[in-house]
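Q: Which chain is which? The protein sequence lines are D and L, in order. Taken in order, the first sequence gives residues 1 to 198; the numbers are from the numbering used here. Taken in order, the second sequence gives residues 199 to 464; the numbers are from the numbering used here.
The hints are simulated quantities; they were obtained by calculation from the structure and are not laboratory data. Idealized CB from N, CA, C, for every residue including glycine. Certain hints may be false.
To be verified - Taking lysine-lysine and the BS3-like style, the derived pairs with C-alpha atoms no more than 30 Å apart in a straight line are:
| no. | chain 1 | residue 1 | chain 2 | residue 2 |
| --- | --- | --- | --- | --- |
| 1 | L | Lys455 | D | Lys161 |
| 2 | L | Lys432 | D | Lys16 |
| 3 | D | Lys16 | L | Lys455 |
| 4 | L | Lys452 | D | Lys51 |
| 5 | D | Lys117 | L | Lys240 |
| 6 | D | Lys117 | L | Lys378 |
| 7 | D | Lys161 | L | Lys452 |
| 8 | L | Lys432 | D | Lys51 |
What the hints assert, rightly or not - A short list of chain D residues far from chain L (calculated; beta carbon distances all over 12 Å):
| no. | residue |
| --- | --- |
| 9 | Leu48 |
| 10 | Ser133 |
| 11 | Val147 |
| 12 | Leu163 |
| 13 | Arg196 |
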Amino acid sequence: MYFTRPLARLIEEFQKFPGVGPKSAQRMAFHVLAQTPDSVRQLCEIILEAKEKVKHCSHCFHLSAMDPCEICTNERRDTQTICVVSEPRDLIALERTREYKGAYHVLTGLISPMEGKGPEDLSIRELIHRVGSENVIEVILAISPTVEGDATVLYLNHLLKPLPVKVTRIAFGLPVGGDLEYADDVTLSRALEGRREI
Amino acid sequence: MSTYTVTGINLSTFNLGEADKLITIFTAERGLIRAVAKGARKPGSKMAGRAEPLAVNKLQLATGRSLDIIAQAESMETFPALRQDLIRLSYALYYAELTLTFGAGLSEETAIYFDELRTALRLLAAATADPAWLCLCFELHLLDLLGYRPELTYCVVCRQPLTDARLGAFHQDWGGIICKVCLTSRDREPATAESTRFSMRAAREITPLVWKHLVLALDCEPTSAAGATSSSPKQSLIAARRIAQSYIEHRAGKHMKSLDLLAAFS
Numbered sequence: 001m002y003f004t005r006p007l008a009r010l011i012e013e014f015q016k017f018p019g020v021g022p023k024s025a026q027r028m029a030f031h032v033l034a035q036t037p038d039s040v041r042q043l044c045e046i047i048l049e050a051k052e053k054v055k056h057c058s059h060c061f062h063l064s065a066m067d068p069c070e071i072c073t074n075e076r077r078d079t080q081t082i083c084v085v086s087e088p089r090d091l092i093a094l095e096r097t098r099e100y101k102g103a104y105h106v107l108t109g110l111i112s113p114m115e116g117k118g119p120e121d122l123s124i125r126e127l128i129h130r131v132g133s134e135n136v137i138e139v140i141l142a143i144s145p146t147v148e149g150d151a152t153v154l155y156l157n158h159l160l161k162p163l164p165v166k167v168t169r170i171a172f173g174l175p176v177g178g179d180l181e182y183a184d185d186v187t188l189s190r191a192l193e194g195r196r197e198i
Numbered sequence: 199m200s201t202y203t204v205t206g207i208n209l210s211t212f213n214l215g216e217a218d219k220l221i222t223i224f225t226a227e228r229g230l231i232r233a234v235a236k237g238a239r240k241p242g243s244k245m246a247g248r249a250e251p252l253a254v255n256k257l258q259l260a261t262g263r264s265l266d267i268i269a270q271a272e273s274m275e276t277f278p279a280l281r282q283d284l285i286r287l288s289y290a291l292y293y294a295e296l297t298l299t300f301g302a303g304l305s306e307e308t309a310i311y312f313d314e315l316r317t318a319l320r321l322l323a324a325a326t327a328d329p330a331w332l333c334l335c336f337e338l339h340l341l342d343l344l345g346y347r348p349e350l351t352y353c354v355v356c357r358q359p360l361t362d363a364r365l366g367a368f369h370q371d372w373g374g375i376i377c378k379v380c381l382t383s384r385d386r387e388p389a390t391a392e393s394t395r396f397s398m399r400a401a402r403e404i405t406p407l408v409w410k411h412l413v414l415a416l417d418c419e420p421t422s423a424a425g426a427t428s429s430s431p432k433q434s435l436i437a438a439r440r441i442a443q444s445y446i447e448h449r450a451g452k453h454m455k456s457l458d459l460l461a462a463f464s
């Protein structure tokens with residue numbers, strides 16, 4: 001036994017965090033022990049508060065302490081355009097660009113046959129209801145060009161096609177600073193497909 | 199750090215750390231391996247496209263302490279057509295799940311199976327035949343390589359040749375068909391009947407045509423099997439696939455998750 005029981009449990013718990021291995025977990029545990037009792041208590045309270053207050057918005061499924069969330073209640077937003085993303089993290093990435101002023105819909109995941117994650121596990125039904133009941137003109141699918149992302153886009157397109165709404169997908173191709181020589185076939189063919197006049 | 203070169207098909211990926219991906223690859227040289235693609239989740243990564251499931255790459259791997267690291271990857275095939283058809287993509291991912299499940303048991307046949315899988319993905323992408331038919335051919339070829347080839351010519355109990363009139367039920371434990379005579383006599387013995395698990399649903403679905411198709415699929419290459427699709431009734435094909443799938447799941451000892459999605463989309 002290298003660690004006393006409470007310390008070993010703390011390391012064990014930190015190791016459950018995504019991307020945290022045994023060494024990182026040890027560093028985090030020792031960092032907690034080096035803090036004053038007040039700051040550790042404050043950290044625990046912050047974690048609990050976040051867990052209790054932050055929920056999925058019942059309208060767009062973004063994470064927020066408000067329901068409906070800040071984006072859904074913002075009257076300056078264009079509610080006729082819905083940008084569909086897979087995770088709240090993607091929404092935040094898009095918000096950082098300050099380019100998009102419309103509404104969002106978070107799917108809370110992607111269709112993943114290998115993990116047994118099907119359409120019923122995502123907020124797809126709610127999206128279709130929104131598109132059908134609200135005055136939506138365009139649905140932008142801002143979904144990663146991965147195999148799971150493509151499967152989700154194909155499925156969404158199949159459901160959205162019969163509705164009177166324009167369905168678009170964000171462009172993809174070569175990344176800024178990327179090297180053409182090293183691009184793979186799929187990226188290059190899609191970059192060629194999505195070329196535009198300059 | 200020693201390096202080695204392999205040709206492999208990516209089967210599944212998991213996010214690892216901040217920007218890495220852990221990929222399970224079926225290689226022609228070493229069978230199933232797991233390797234880390236460093237920085238593959240970054241948008242500018244040269245590895246991003248090559249780390250996607252179903253991509254065929256020539257890889258140079260560096261031996262690591264616990265996991266090998268992909269040092270170089272040269273893209274060979276990416277099957278872009280598969281990513282534009284939901285049904286075909288679902289079938290391709292089912293092939294990948296089959297390989298993940300049974301790949302470790304193919305120690306001596308890795309090179310043969312690698313070619314089979316690559317050909318199966320090419321045929322699926324080419325969209326020249328019904329994907330359900332191609333899938334049945336692939337499933338039966340896989341069972342053949344694993345040594346689980348279903349017995350469809352002789353009764354697995356009495357070893358008498360099976361004729362259309364004698365077809366009984368498929369028995370998963372015995373890996374073949376039991377003729378009507380043996381099936382009836384066993385039904386008369388409750389103890390034996392309890393110990394065996396007959397699929398009554400499968401028994402109802404068995405028609406001589408279904409088994410003729412199964413035999414045909416076992417004896418022919420996927421390309422030539424494609425020709426049989428036009429004359430094969432859809433119902434028989436569905437029934438044959440259901441039996442083959444339940445036999446595969448029985449052998450795997452687990453449910454194939456990608457089949458749920460396929461059922462939802464079909």
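Q: Each hint: holds or not?
A: Going down the list of hints, with the structure as the test:
1. L:Lys455 to D:Lys161: Holds, because 27 Å separates the two Cα atoms, which is no more than 30 Å.
2. L:Lys432 to D:Lys16: Outside the cut-off at roughly 48 Å; violated.
3. D:Lys16 to L:Lys455: holds, 25 Å
4. L:Lys452 to D:Lys51: With Cα atoms ~35 Å apart, L:Lys452 and D:Lys51 exceed 30 Å; violated.
5. D:Lys117 to L:Lys240: holds, 24 Å
6. D:Lys117 to L:Lys378: Cα-Cα ~41 Å, so violated.
7. D:Lys161 to L:Lys452: This hinted pair is violated, its Cα atoms lying about 36 Å apart.
8. L:Lys432 to D:Lys51: violated, 52 Å
9. Leu48: holds, 26 Å
10. Ser133: Non-interface label on D:Ser133 holds, nearest chain L Cβ at 24 Å vs cutoff 12 Å.
11. Val147: violated, 5 Å
12. Leu163: The claim holds: D:Leu163 sits with its nearest Cβ about 18 Å from chain L, beyond 12 Å.
13. Arg196: holds, 19 Å
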